[in-house]
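> Here is what each chain is made of, one letter per residue.
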Amino acid sequence: MKDLISKLCSLDGVSGFEAPVRDFIKAYAQPLADEIVTDNAGNLFCFKKGERKPASPIMLCAHMDEVGFLVKAITADGMLKLSPVGSIDPRVLIGRRMSVGKNGIPGIISIKAIHLTTPEERKKSPELKTLYVDIGAKSKEEAEKLVRVGDPIAFRSEFSGLGVDCIKGKALDDRIGCAVLLKLMEEELSYDTWFVFSASEEIGAQGAVTAVKNIDPGFFGIVECTAAGDTPDTPPHLYSTKMRSGGALSLIDRGSVYCRKLREKVVSQADREGVPYQLKLRDTGANDAGSMIYGTGAHLFGLSVPVRYIHCANSVAFMPDIDSALKLARIFIREAGAFDD
Amino acid sequence: MEALSKLKLLVSEYGVSGDEMRVAKAARDLLAPYAECEIDEFGNVLGRISCGDDSAPTLMLDAHMDQIGFLVTEITPEGFLRFIPVGGVDGRMLPGSELCVMTRRHGNIRGIVGAVPPHLQSGSQSAAIAMEDMTVDVGMTGAQARSVISVGDYMCFAGDLMPLLGGRITSKALDDRACFVCILEALRRLQGKKLSVNLLITATTKEELGCFGAQMVANRLCPDFAIAVDVTHGKTGDAPEVECELSKGAQISIGANSRPELAEMVIEAAKKNNIPYQLAACPARSGTNAWTIQPAGSRGVCTMVLSLPLKYMHSPVELLDMEDVKNTGELLAAFISSFDGRCRL
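Just so you know, the sequences run in chain order A and B. Each residue of the first sequence is one higher than the one before, counting from 1 in the working numbering. Each residue of the second sequence is one higher than the one before, counting from 1 in the working numbering.
It should be emphasised that the hints constitute simulated quantities derived from the structure, not laboratory data. Any given hint could be a false lead.
[Stated by the list, open to error] 27 angstroms max Cα-Cα, derived BS3-like pairs, lysine-lysine:
| id | chain 1 | residue 1 | chain 2 | residue 2 |
| --- | --- | --- | --- | --- |
| 1 | B | LYS194 | A | LYS140 |
| 2 | B | LYS235 | A | LYS129 |
| 3 | A | LYS140 | A | LYS26 |
| 4 | B | LYS8 | A | LYS138 |
| 5 | B | LYS193 | A | LYS124 |
| 6 | A | LYS72 | B | LYS8 |
Because the structure is a prediction, the values reported are computed rather than measured.
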């Protein structure tokens, strides 16, 4: 699993530029799926037969895209101005390495040296509009030989293990979800399932809106990453989820109301099997499940891996939490298939 | 070994002020082909090149080895590290960055500086997060972290050297390892040449905290002349007031701390050999080791500051042009080979 996540995180896939991720997943899924289709929204659908056919389609979804930027403009001195793709706090950008365009041209984001700042300046964080990527170009002309407006810019951060059983890297959100789906596809399934790798989640679940209309699922599960709140800068009563506490099951969020009956069936089975889980205790965030309002109605199941420093160059996750998510997703398929039993 | 390979090697060794022994060894190994080398008990690297005349004056060429970093001050019960900076660090470069924790008995481990997830922020994103409110996540529980990390362990920015376009590179600790490479480049060019002065090459400690290493070395060895080779700010879009620019050669400072007489000779050497250079007025303290070297010993030292242009100083992604490194080395060599050891003040 760790190796698969590592490979997925080594790819750049800013929303709208998911092709490298899609190609990798397609190749990986080829020997595992009974049917693979793509659509005009950039989604990838993999159908795999299980032991039984469910009463209505089961769909499990993870998104391929990651937050990043597009080149907004190239300045006279060869610097690349930034247009954000998805939600990124500009405060996590200063001092970071970036990859620009399809060929991953290396660049960096920084601000002038501390020696040139005043104490007052250091209390304020620069706005995104003042930041730029420096690829080492001496002029606009030199930069334009390699980069053009509209090119994607992704974090450049090596995936690696961290501490004890943790991993760190960029785009853990949601390559972890993609890896969980691919690992499930390697198994014998209890019920037929559509595995959907969606595009453009970070800009408002744009890919999933199309996907739900295509599959029209009766049961729609999401494998996502969510902000782990258990860091010292967050008071415990505001923790949404905690790292090292298992996969997080959603109650409600800004986009969806999740099916209580389905969640309770999964929880009962998880208890029987001794699979750790937690409930996502805040209603913050939204994900692809929100796209179901465009469908004809499905029982929603939200499952997230807690990730610290989400939407940063270096996010952190706990491998046993991912193992828990894999088991909970497996239980979801079984419980969705047997929903009315 | 090429200049870039030497620099790559030097920046890969960690050496925060007060903990320079590892990088000192790397610097000594690179200097050894050119000079008689030793490392003093404080971690300063000293290399001597004799001109064959013990009574000839001594010219000290100095670059500092230490880099900015952090000290662990607390390991929380949950396993997060709290810390203070060592040297001038702008805290705004930290959230989401990767650090290396140099543990005393368990080697180097990685850590991530935490940042409040955007979904949970109540304050404005335009307010900088104070360094005392940040923590480092090493992916361990409190007990696990305590078993490998101690309060007082050093940390610094992680990340190797990364080439950019057209000979430009980015890395941590280019300040001031790149200037040591400039000196090595000069020595390579001077090999086999007859000199009129004895050379003392120093890779010194604790510059970032007050230029202490160079001060003790100068007081102990009392050179006649010294050139502090250090980085200087290159112009960026957010610092248009900076005069110096990358890719235009070394910057020669002129002022009380960078003697005009010595500077004049370096300018002459540059002109004579068609080596690009830039000038800077240096009215008072230079902010380099030249400040503490100048009053050393009972006679003082005739000091000069030669600077390598660099953008984003003290960030994890300092940026410079290798062409400037080459030109700075060439200028040093041109000056030294022409220097007769006389400089009337």
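> The structure should be examined with respect to each hint, and the outcome stated for every one.
To see whether the hints hold, each was checked on the structure:
no., hint, verdict
1, LYS194/B <-> LYS140/A, "46 angstroms, violated"
2, LYS235/B <-> LYS129/A, "19 angstroms, holds"
3, LYS140/A <-> LYS26/A, "38 angstroms, violated"
4, LYS8/B <-> LYS138/A, "22 angstroms, holds"
5, LYS193/B <-> LYS124/A, "54 angstroms, violated"
6, LYS72/A <-> LYS8/B, "33 angstroms, violated"
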